[in-house]
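Novice: The residues making up each chain are set out below.
Protein chains: 2
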Amino acid sequence: MSDLGTRIEAGDPRAAARAMRNVDDRMPGYLELLKEIFPRTGRAFVVGVTGNPGAGKSTLTDRLIERYRAGGRSVGVICVDPSSPYTGGAILGDRIRMTRHATDPGVFIRSVATRGHLGGLSRSARDMVRVLDAYGCDVVIVETVGVGQDELEITRTAHSTLVVMAPGMGDEVQAIKAGILETADVFAVNKADRDGADSAMRDLELMIALGTETMVAVGKTKGHVMHGAVKVDILPSCPETTEARWTPPIVKCVSTRGEGIADILEALDRHKAWIDGTEAGRARRRLRLAEELRESLRETLIEAATGALGREIERAVSDVEAKSIDPYTATEQLLAAFRAR
Amino acid sequence: MSDLGTRIEAGDPRAAARAMRNVDDRMPGYLELLKEIFPRTGRAFVVGVTGNPGAGKSTLTDRLIERYRAGGRSVGVICVDPSSPYTGGAILGDRIRMTRHATDPGVFIRSVATRGHLGGLSRSARDMVRVLDAYGCDVVIVETVGVGQDELEITRTAHSTLVVMAPGMGDEVQAIKAGILETADVFAVNKADRDGADSAMRDLELMIALGTETMVAVGKTKGHVMHGAVKVDILPSCPETTEARWTPPIVKCVSTRGEGIADILEALDRHKAWIDGTEAGRARRRLRLAEELRESLRETLIEAATGALGREIERAVSDVEAKSIDPYTATEQLLAAFRAR
Numbered sequence: 082m083s084d085l086g087t088r089i090e091a092g093d094p095r096a097a098a099r100a101m102r103n104v105d106d107r108m109p110g111y112l113e114l115l116k117e118i119f120p121r122t123g124r125a126f127v128v129g130v131t132g133n134p135g136a137g138k139s140t141l142t143d144r145l146i147e148r149y150r151a152g153g154r155s156v157g158v159i160c161v162d163p164s165s166p167y168t169g170g171a172i173l174g175d176r177i178r179m180t181r182h183a184t185d186p187g188v189f190i191r192s193v194a195t196r197g198h199l200g201g202l203s204r205s206a207r208d209m210v211r212v213l214d215a216y217g218c219d220v221v222i223v224e225t226v227g228v229g230q231d232e233l234e235i236t237r238t239a240h241s242t243l244v245v246m247a248p249g250m251g252d253e254v255q256a257i258k259a260g261i262l263e264t265a266d267v268f269a270v271n272k273a274d275r276d277g278a279d280s281a282m283r284d285l286e287l288m289i290a291l292g293t294e295t296m297v298a299v300g301k302t303k304g305h306v307m308h309g310a311v312k313v314d315i316l317p318s319c320p321e322t323t324e325a326r327w328t329p330p331i332v333k334c335v336s337t338r339g340e341g342i343a344d345i346l347e348a349l350d351r352h353k354a355w356i357d358g359t360e361a362g363r364a365r366r367r368l369r370l371a372e373e374l375r376e377s378l379r380e381t382l383i384e385a386a387t388g389a390l391g392r393e394i395e396r397a398v399s400d401v402e403a404k405s406i407d408p409y410t411a412t413e414q415l416l417a418a419f420r421a422r
Numbered sequence: 082m083s084d085l086g087t088r089i090e091a092g093d094p095r096a097a098a099r100a101m102r103n104v105d106d107r108m109p110g111y112l113e114l115l116k117e118i119f120p121r122t123g124r125a126f127v128v129g130v131t132g133n134p135g136a137g138k139s140t141l142t143d144r145l146i147e148r149y150r151a152g153g154r155s156v157g158v159i160c161v162d163p164s165s166p167y168t169g170g171a172i173l174g175d176r177i178r179m180t181r182h183a184t185d186p187g188v189f190i191r192s193v194a195t196r197g198h199l200g201g202l203s204r205s206a207r208d209m210v211r212v213l214d215a216y217g218c219d220v221v222i223v224e225t226v227g228v229g230q231d232e233l234e235i236t237r238t239a240h241s242t243l244v245v246m247a248p249g250m251g252d253e254v255q256a257i258k259a260g261i262l263e264t265a266d267v268f269a270v271n272k273a274d275r276d277g278a279d280s281a282m283r284d285l286e287l288m289i290a291l292g293t294e295t296m297v298a299v300g301k302t303k304g305h306v307m308h309g310a311v312k313v314d315i316l317p318s319c320p321e322t323t324e325a326r327w328t329p330p331i332v333k334c335v336s337t338r339g340e341g342i343a344d345i346l347e348a349l350d351r352h353k354a355w356i357d358g359t360e361a362g363r364a365r366r367r368l369r370l371a372e373e374l375r376e377s378l379r380e381t382l383i384e385a386a387t388g389a390l391g392r393e394i395e396r397a398v399s400d401v402e403a404k405s406i407d408p409y410t411a412t413e414q415l416l417a418a419f420r421a422r
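Residue numbers (my numbering), protein chains in the order written: chain B, 82 to 422; chain E, 82 to 422.
A portion of the hints provided could be inaccurate.
Unchecked claim - Covered stretches of chain B (in silico footprint by chain E; criterion: 3 or more residues with CB under 8 Å from a CB of chain E, positions within the stretch not fixed): (1) 336-345; (2) 414-422.
What the hints assert, rightly or not - Just the calculated beta-carbon pair ranges, DEER-fashion: (3) E/Glu-321 to B/Pro-109: 17 to 23 Å; (4) E/Arg-338 to B/Arg-326: 49 to 55 Å; (5) E/Lys-116 to B/Leu-368: 32 to 38 Å; (6) E/Arg-154 to B/Arg-102: 52 to 58 Å; (7) E/Asp-274 to B/Ser-192: 54 to 60 Å.
Stated by the list, open to error - To give a feel for the contact side, a few chain E residues facing chain B, derived at Cβ under 10 Å: (8) Val-188; (9) Ile-190; (10) Ile-289.
In case anyone wonders, no lab produced these hints; they're calculated from the structure.
Note that CB positions come from ideal geometry on N, CA and C, so glycine has one too.
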């Protein structure tokens, strides 16, 4: 066991901070460290928090930290912003309110800047979660800035994902993006004291009942949602959670006043129990593990191929440029050359 | 040469339509077809059109088609929506106004639905551009729905990318996302008859002059932009385009009235001349080709590895699940097993 690994597992916050930096920047030795600490991981409960900008995710996360701490649990937070190095900075500023936890040794907050590599951020986030897990955090919260495709990808590193929405955010229709119904384990309708909270609840219920991705105009619809081109104004009751199927509960909250936070925690706990206690929950866990391995194999393969092929890739580019070969055949030849090494 | 390939090159629109479907769905034989037609590609000028929803991209695209047609050039359009199968449908509806080109044999419009695979859409888009290129389109427009990371990726398949913005789109600050300055070759400030158009121009000019990603509040700032945490209120003049450096021009337009469209075309033509006529332009073209090869090698590698390893990946997942191995070592072992085949 390396010195850094030993110190992380002993709960040394400076060691954890250094390890997270090393992992995020893929410094030499980061892989050995991750291998070393892996046996000590798997204890933390990992919660993903995602939703449109302005939905109040940071305030809600702040409240979740508060509650978990009140229950005696240590909390790690990883803030991920894949969209912009600039807003990354802005979020950090916005996050100043979280500094009230700064002197609490039971809270550990880190931001991950954009890497600009597809898939790279979710890998970094996953590895950083493992550091916080080995370090001894009981709960790790992974918070993203928006609900883009990359961000949904990142929340798949979590055991339970909380999707935060808010009614009355301007005139714009808030699109529920593809994949969100599959991603969301709990919906929080934040700022529930505002107009439109009830119709937001109804829209979500309907979307869940229909079991389909659709567009929800939070706080804008009048008892109906558009389902494809069809206006649906009946209101079926929400399907029940069963052994085989988890139905995301919808929880109202007002984070600024701390209302509804206990209900969110309770919903997350129920989801955790479902994952741990049912065959379907375990299957989902396994699926995510398979996704991770596939992702990491993909990255490792291209790194190995780039290393092994060296200037052959350069030559292929020149050949395609000169149109002496097509890019599809060139790719096949590069693959064959790599496999022949 | 296959029958389909021959018919595409002879300009048979039904053959082109079928080929695009085959390529998008990766039907058997799609790769052979792409190899076959590749030597006939490289003649079309490929224009990417991107920008926030609501900026008026479809109307602008419609006007671009009109102008190009008036100049006697045939136009292909590929509409890509990576965000949602639902909005994919919505866009198609929204696109009905384009049907005025439906009876024009010189215009060919196709939509690409989401595939849910990272990287998959830009590959599809690139291949479909090649079909339209071989089919004989003089210009191919690739239009995306938003400006997410995936969508910027897609516009990198274009020779010239037009980023469309509009002032006064509600109260929200419009973030210029990371990568957009690198992506944009021409900026169009659409709806230029609205309040805030001038300050949008100023913001963009400043952003370009600073040569940095920043946040632009279109139509909201009063002669300054926030640069990081620093409020910048000086107004440097825009850098000039040189042999070595392309500076994206900013063009005002009102697409609904057809104003400024000629200026956009002129700016795009200048950019094309820069790409074709300068060392830096050719270097950029080469860089994008290298990116394509790397991307396609990455996909081909994981497909080959998944095929060759078969149930070994399944077993690795079980082992990691049982914690008898860590995922990092498991990945290395899978890589070694693949290379040993």
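Novice: Which of the listed hints are broken here?
Specialist: Hint check: 1, 3, 7, 8, 9 and 10 fail, others pass.
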